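Going down the list, the sequences are from chains B and V.
Counting from 1, one number per residue, gives the positions in the first sequence under the numbering used here.
Counting from 1001, one number per residue, gives the positions in the second sequence under the numbering used here.
Hints in this document: simulated from the structure, not taken from any laboratory.
Predicted model only: the values in this text are computed from it and were never measured.
Do not rely on the hints blindly, as some may be mistaken.
What the hints assert, rightly or not - Where chain B lies over chain V, by a calculated footprint (3+ residues, C-beta under 8 Å):
1) 1072-1086
2) 1096-1108
As the list claims (entries may be wrong) - Away from chain B, derived, C-beta distances all over 10 Å, residues of chain V:
3) Gly1012
4) Glu1015
5) Val1055
6) Asp1117
7) Arg1120
8) Ser1158
9) Val1163
10) Thr1218
11) Arg1226
To be verified - Straight-line alpha carbon distances no greater than 25 Å define the calculated DSS-like cross-link-like pairs of lysine-lysine that follow:
12) Lys395(B) <-> Lys1096(V)
13) Lys1094(V) <-> Lys390(B)
14) Lys1054(V) <-> Lys350(B)
15) Lys390(B) <-> Lys1096(V)
16) Lys395(B) <-> Lys1094(V)
17) Lys1104(V) <-> Lys395(B)
18) Lys1104(V) <-> Lys390(B)
All C-beta atoms, glycine included, are put in the ideal place defined by N, C-alpha and C.
This is what each chain is made of:
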Amino acid sequence: MVSNEEKRAKDALKKESKFGEDIDLDAYDEGKRDIAEMESLEDLPKDTKTAMLDSGIMPSGKGRSGNFLLMDNSVVHSAIMGEGVELMPLRQALKVHDWLKDYVWKAVQPDTDKYTAETYLQEADGYFIRAMPGAKIKMPVQTCLLLKNRNTKQYVHNVLIAEEGSEVEVVTGCATTKGVEKGLHLGISEFFLKKDSKLTFTMVHNWSEFIGVRPRTSIVMDEGATYINNYVALKPVKTIQTYPTAHMNGPNGVCRFNSVAVAHPGSVMDLGSRAILNAPGCKAELISRTITTGGTVIARGQLVGNSPGIKAHLECKGLILSEKGVQIAIPELEARVPDVEMTHEAAVGKIAQDQVEYLMSRGLSEEEAVGMIVRGFLDVGIRGIPDHLKAEIDKTLQETDVRGS
Amino acid sequence: MLEIENLTVEVGGREILHNLSLNVMTGYTTVLFGPNGSGKSTLLMTIMGFSGYKVKSGRILLNGEDITHLPVNERAKRGIGMMMQRPPNLTGIKLKDLVRVTSKGNVDTEKVAEELDMARFLERDVNVGFSGGEIKRSEILQLTAQNPCLILLDEPESGVDMVSIEKLGTKVHDLLTGPTHCAGWREKSGKAALIITHTGQILDYVEADRGYVMCNGTVSCTGNPRELLAEIRKMGYQECIHCKINQPGLIKENIESEG
Chain B
1 MVSNEEKRAK
11 DALKKESKFG
21 EDIDLDAYDE
31 GKRDIAEMES
41 LEDLPKDTKT
51 AMLDSGIMPS
61 GKGRSGNFLL
71 MDNSVVHSAI
81 MGEGVELMPL
91 RQALKVHDWL
101 KDYVWKAVQP
111 DTDKYTAETY
121 LQEADGYFIR
131 AMPGAKIKMP
141 VQTCLLLKNR
151 NTKQYVHNVL
161 IAEEGSEVEV
171 VTGCATTKGV
181 EKGLHLGISE
191 FFLKKDSKLT
201 FTMVHNWSEF
211 IGVRPRTSIV
221 MDEGATYINN
231 YVALKPVKTI
241 QTYPTAHMNG
251 PNGVCRFNSV
261 AVAHPGSVMD
271 LGSRAILNAP
281 GCKAELISRT
291 ITTGGTVIAR
301 GQLVGNSPGI
311 KAHLECKGLI
321 LSEKGVQIAI
331 PELEARVPDV
341 EMTHEAAVGK
351 IAQDQVEYLM
361 SRGLSEEEAV
371 GMIVRGFLDV
381 GIRGIPDHLK
391 AEIDKTLQET
401 DVRGS
Chain V
1001 MLEIENLTVE
1011 VGGREILHNL
1021 SLNVMTGYTT
1031 VLFGPNGSGK
1041 STLLMTIMGF
1051 SGYKVKSGRI
1061 LLNGEDITHL
1071 PVNERAKRGI
1081 GMMMQRPPNL
1091 TGIKLKDLVR
1101 VTSKGNVDTE
1111 KVAEELDMAR
1121 FLERDVNVGF
1131 SGGEIKRSEI
1141 LQLTAQNPCL
1151 ILLDEPESGV
1161 DMVSIEKLGT
1171 KVHDLLTGPT
1181 HCAGWREKSG
1191 KAALIITHTG
1201 QILDYVEADR
1211 GYVMCNGTVS
1221 CTGNPRELLA
1231 EIRKMGYQEC
1241 IHCKINQPGL
1251 IKENIESEG
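This is chain B alone, in the form it adopts within the complex (with noise of 0.2 Å):
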C-alpha cells in the first residue's frame, strides 16, 4: 500500500524550490551504495585527510566523541568514543528504534520540493544522533559527508535529537575527495532539541567548483533548549540554496545562526537562516557575513514573532570585492503581536576606504590592509565557533584569496 506521504512525495517530484536555480537530477548518476566500510579514517587517501581536515574533521578522531563518515550513498564509517552519546547510520536506527518513526520526516516535510521528495523516495541513510537525557558530552561528535565519485549524485537524511538536559557539540564536514569537480548534494536534517538541551552543530562546506548543494534542514525546540548553528563556506562551490529553520515551539528557547560565506568567481550562495519564534521569552539571533570576489551570494533572514515577549535581531553584511561580484540582502521581520521585539541591520558595499587608509597609515599594503579588514569582517560571523574549530577556519581564511577580480 502507498502511504499518504509516499504519494505526496511522488506528487512533488517535479516541483521546483522556492529559491534557488532549478537542478536537473537526471542528469547525475545515482550514488554508490555498496562502498565497503572501513575501519578507521586513518585509512583514507592523504587527499581525502586534507579535505576533511579543512572541513574541521579530525581523521585520527581524536578528542572526538564519535565519529561518522558517508561516502556518496555509503555509511563507511560509524563509531562511538564517548559516553551518553549514540550514533548509528539512520536506516539501522530506524529498525533499533521503534519510536524513531515518529521523528523521521515530521520536521521536513517530504513534498516541499522535489528535492526533498526524491531523498524520500530514495529512503536515503545518514547519521542518527542521539544525546541521553542529561548528558554532558565533553567532546564533539563528527560526521563528515564526502562526495567521492565524478558526476554523483549524494542523499543524506540526517536525524539528531538532543534529549531533555543534554548538551551536545555535532561539527559537519561537507567535501569531495579530489578530482570530483562535479556533483550533487541534498541532504536533509531534522533536529529535535527536547527541554532545557542544547545543541551546537557547526557546518563546514569545503565543496568544490561544480558541485550543486540543496540542504534542507529544521529545528525543533522545546522549552528552554538552546541551538547555535554555526555555518562556514569560504570555498568555491556551483550552487547552494540553504534555508534552515528554527521552530521555537517552548517558552524561553534561544537560538543563534552565525554565518560566514564567500562566492567565488562562478557559485551562487542563497544562504538563508530563519527562526520562528513560537512561544514566550524565545530569543533568535541571525548573523551572516558575506563576501563576494566574482559570484553571487544571497543572504536572506526571516524572525517570525507569534508571540508575546520574544526578541529577536538579524543583521546580514556583505561586502562587494569585485566589479563582478553580486550582493543581496534579504532581510524579513515578521510580527503577529504586538509586544515583540524585532530589530534588523543590513549592509552591502565595497570596503570603507578610510579603514583601509588607517591601516596603511601604520605601514601596511593596500593588499595586507584589504585582507586584514576581510578576515576581521568574517570573523565577526565565526565569534561563536567552538575554539578547537577556530584554528582551522582561521587558516582556511588567511588562505582565502580576497581579491576581487
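Keeping the supplied structure of chain B fixed, place chain V upon it in accordance with the hints.
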C-alpha cells in the same frame, strides 16, 4: 625634516589650505595652534596622504624627497606616523593583532599596553566602543608599535582624563626621545613631531621648540610655543591674525636662519 612649500589643499571641492608653508626640523617638536576650522587637522591628514585631501598646488618634502603624491603606506614606510583625531572603527580586528602587525616584533606591545592601562583593550576590536580618551591611548599604543620618526599628533590630550594624561604624555615623551631606526634620519638629532594642541597640556610632557598659529587655512604667526600659548590665552586668536610676520617666505627664512 619636513618642508611644506606653498601648499594649497581642497577637501570636498572646497579649498581649506591656502598657499601654506612651514618646516619641521629633525629633532624639533613643533606645535600647531589655531581656532577650530583653521585647517590644522587638514594639514596633518594631507601630510599623511589620506585620500579626500587633494593637493592643488605646492609640495611636501620629506628629507628632500617629494612625497606629495605618495600613497599613505609609502609615507609610513619613510617614517611618518599619525595619531588621528577620529580614527575609523575596525570591526573584527583586534587591537592586539593590529599592534602585532605594526610592530613587526620590534616593540614589546604588551608592556606598552600595560603602561598605558590598555591591556584589557588588546582583545577588543580597534576603536569600537572606545571612549575619546581610550582612542587616544590606543593611538599612542599603535604609534609606539610603529615607532615613526616624524610624529603627527592631532590633539593628543583632548578627551583624556587627568590621570590618563600623565601616562599618555609620558608615552609621547618616550616616543619622541626613543631610538630611531628610519633611514635618512640622523640618530643623534632624534625624531621630529608636529602636534596640534588647544590647551597646551601636552607641553608639560614634551619640550616644544617652535609654534605656528594657523588661521583661515594658512600660517599667520610663528614663534616660541609657550609665548604663543600665553598670548592666545590672554588675547584669543584675534591677535594672531594681525601677527606681523605673516608672510610664509619670511617664516621660512626665519626658520632657516635658526636651523
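We went through each hint and held it up to the structure:
1. 1072-1086: holds (count 8)
2. 1096-1108: holds (count 4)
3. Gly1012: 14 Å, holds
4. Glu1015: Holds, because the least Cβ-Cβ distance between glutamate 1015(V) and chain B comes to about 22 Å, which exceeds 10 Å.
5. Val1055: 16 Å, holds
6. Asp1117: Given that every Cβ of chain B is farther than 10 Å from that of aspartate 1117(V), nearest at about 21 Å, it holds.
7. Arg1120: 18 Å, holds
8. Ser1158: Since the minimum Cβ distance to chain B is about 19 Å, serine 1158(V) lies beyond 10 Å and the statement holds.
9. Val1163: The assertion about valine 1163(V) holds, with a minimum of 27 Å to chain B.
10. Thr1218: About 25 Å separates threonine 1218(V) from the closest Cβ of chain B, which puts it past 10 Å; holds.
11. Arg1226: Holds, because the least Cβ-Cβ distance between arginine 1226(V) and chain B comes to about 30 Å, which exceeds 10 Å.
12. Lys395(B) <-> Lys1096(V): Status holds; Cα separation ~18 Å.
13. Lys1094(V) <-> Lys390(B): Holds, at roughly 15 Å.
14. Lys1054(V) <-> Lys350(B): Between lysine 1054(V) and lysine 350(B) the Cα gap is close to 22 Å, so the pair holds against 25 Å.
15. Lys390(B) <-> Lys1096(V): 17 Å, holds
16. Lys395(B) <-> Lys1094(V): 17 Å, holds
17. Lys1104(V) <-> Lys395(B): Within the cut-off at roughly 20 Å; holds.
18. Lys1104(V) <-> Lys390(B): The hint holds at about 24 Å.
In the structure shown, no violation is registered for any of the earlier numbered hints.
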